[in-house]
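*Asks:* From just these sequences and the hints, can you work out the full model?
Residue numbers (this note's numbering), protein chains in the order written: chain F, 1 to 65; chain P, 1 to 148.
Calculated directly from the structure, the hints in this document are not laboratory data. Fair warning: this is a prediction, and the values are worked out from it, not measured in the lab. Careful: at least some of the hints might be erroneous.
What the hints assert, rightly or not - Taking CB as the label site, the calculated pair distances span:
id	chain 1	residue 1	chain 2	residue 2	range
1	P	P63	F	G43	43 to 49 Å
2	F	T61	P	D123	20 to 26 Å
3	P	S88	F	H47	37 to 43 Å
4	F	W40	P	L80	26 to 32 Å
5	F	Q14	P	A16	37 to 43 Å
6	F	G19	P	L64	31 to 37 Å
7	F	V44	P	V82	26 to 32 Å
8	P	L89	F	F18	16 to 22 Å
To be verified - So these bits of chain F aren't anywhere near chain P, every CB distance computed over 12 Å:
id	residue
9	D13
10	Q14
11	P15
12	A23
13	D46
14	P48
15	T49
16	E51
17	A52
18	I55
19	R56
20	Y65
Beta carbons: idealized from backbone N, C-alpha and C, even for Gly.
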Amino acid sequence: MSTVPRLPSAIADQPANFGTILAHHMQLATGFGSTYATFWSHGVLDHPTKEATRIRNARITDCGY
Amino acid sequence: MSSWLGGHADEASLLAVRTGLADQLAHLRGDVARECPGRTAVLIERRIGQIVGGVGNIDEFVPLDAAEAVVVAVAEQFALDVHGIDDSLVAQLGQHYTPAEQVAIMFRMAFAEGFTKLRRVLDLPADGAHPVGIDQSPNHNQEIEGVA
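*Replies:* Here's what the structure looks like:
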């Protein structure tokens with residue numbers, strides 16, 4: 001995993017991270033945020049299963065989250 | 001062909017099970033496709049679909065211009081081993097596209113890979129796998145209409 005973000009932050013005085021890089025395109029950032037919120041807060045799948053899947057996926061793909 | 005998950009015939013039918021989420025996903029995928037510059041949205045989908053799903057190719061889109069060639073190179077590495085996308089490759093992308101365009105391009109790759117894998121795992125056909133309404137023709141240039 002790259003330890004140094006490869007795009008700059010779109011928000012002055014804030015470090016480059018997933019959120020501040022997505023902020024380069026606020027329309028997509030907003031759409032992603034609302035979709036992700038729906039995925040996590042609604043649905044038929046229990047939260048532990050969602051989180052276990054997320055963590056396993058993150059470990060395999062070397063995601064830092 | 002129908003999926004073993006409830007007998008769904010295609011991706012749209014499967015996603016419709018989760019109406020609220022499916023609608024948001026469709027809008028987001030459409031927005032991402034529209035925000036990808038030039039032919040990059042369809043190039044990404046075709047090349048990743050070819051690598052991950054074994055369906056389609058980009059033969060009809062060649063020759064690629066220099067910027068498109070970088071996008072395809074990144075898409076190939078994205079699908080094969082994302083860790084192989086190094087500083088040099090990203091820097092090349094930055095020579096042709098703004099950060100906002102790069103965000104759209106990377107979203108497009110993520111959706112293309114994820115939904116190609118979803119279709120493959122659930123045995124859903126690649127046909128009709130373009131709910132974002134993108135123009136699949138080689139000559140189209142950012143003319144994207146209609147969002148499912």
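*Asks:* Does the claim that F:P48 lies off the interface hold, with its Cβ farther than 12 Å from every Cβ of chain P?
*Replies:* With a cut-off of 12 Å, F:P48 remains clear of chain P, as the shortest Cβ separation is near 19 Å.
*Asks:* Classify the label on F:I55 as holds or violated, using whether its beta-carbon is more than 12 Å from each beta-carbon of chain P.
*Replies:* 17 Å, holds
*Asks:* Does the claim that F:E51 lies outside the interface with chain P hold up, using a Cβ gap greater than 12 Å?
*Replies:* Check passes; 17 Å lies beyond 12 Å.
*Asks:* Within 37 to 43 Å: is that where the Cβ-Cβ distance between P:S88 and F:H47 falls?
*Replies:* The hinted range 37 to 43 Å holds for P:S88 and F:H47, with Cβ atoms some 40 Å apart.
*Asks:* If I take the minimum Cβ distance from F:R56 to any residue of chain P, is it greater than 12 Å?
*Replies:* 15 Å, holds
*Asks:* Would you check whether the claim that F:D13 is not at the interface survives, using Cβ distances to chain P and the 12 Å cut-off?
*Replies:* Correct as stated: the minimum Cβ-Cβ distance to chain P is 17 Å, above 12 Å.
*Asks:* Evaluate the given range 20 to 26 Å for the C-beta pair formed by F:T61 and P:D123.
*Replies:* Since the Cβ atoms of F:T61 and P:D123 sit about 24 Å apart, the hinted range of 20 to 26 Å holds.
*Asks:* Any Cβ of chain P at or closer than 12 Å to F:T49, or is the non-interface label fine?
*Replies:* Fine: 15 Å to the nearest Cβ keeps F:T49 off the interface.
*Asks:* That 43 to 49 Å hint for P:P63 and F:G43 (C-beta), does it hold up?
*Replies:* For P:P63 and F:G43 the Cβ distance comes to about 45 Å; the hint holds.
*Asks:* Mind checking the hinted window 26 to 32 Å against the Cβ distance between F:V44 and P:V82?
*Replies:* 30 Å, holds
*Asks:* Does F:A23 really sit off the interface, with its C-beta more than 12 Å from all C-beta atoms of chain P?
*Replies:* 9 Å, violated
*Asks:* Beyond 12 Å on every Cβ pair: is that true for F:D46 relative to chain P?
*Replies:* It holds; F:D46 is separated from chain P by about 15 Å at its closest Cβ, greater than 12 Å.
Violation of the numbered hints given earlier is confined to hint 12; every other hint is satisfied by the structure.
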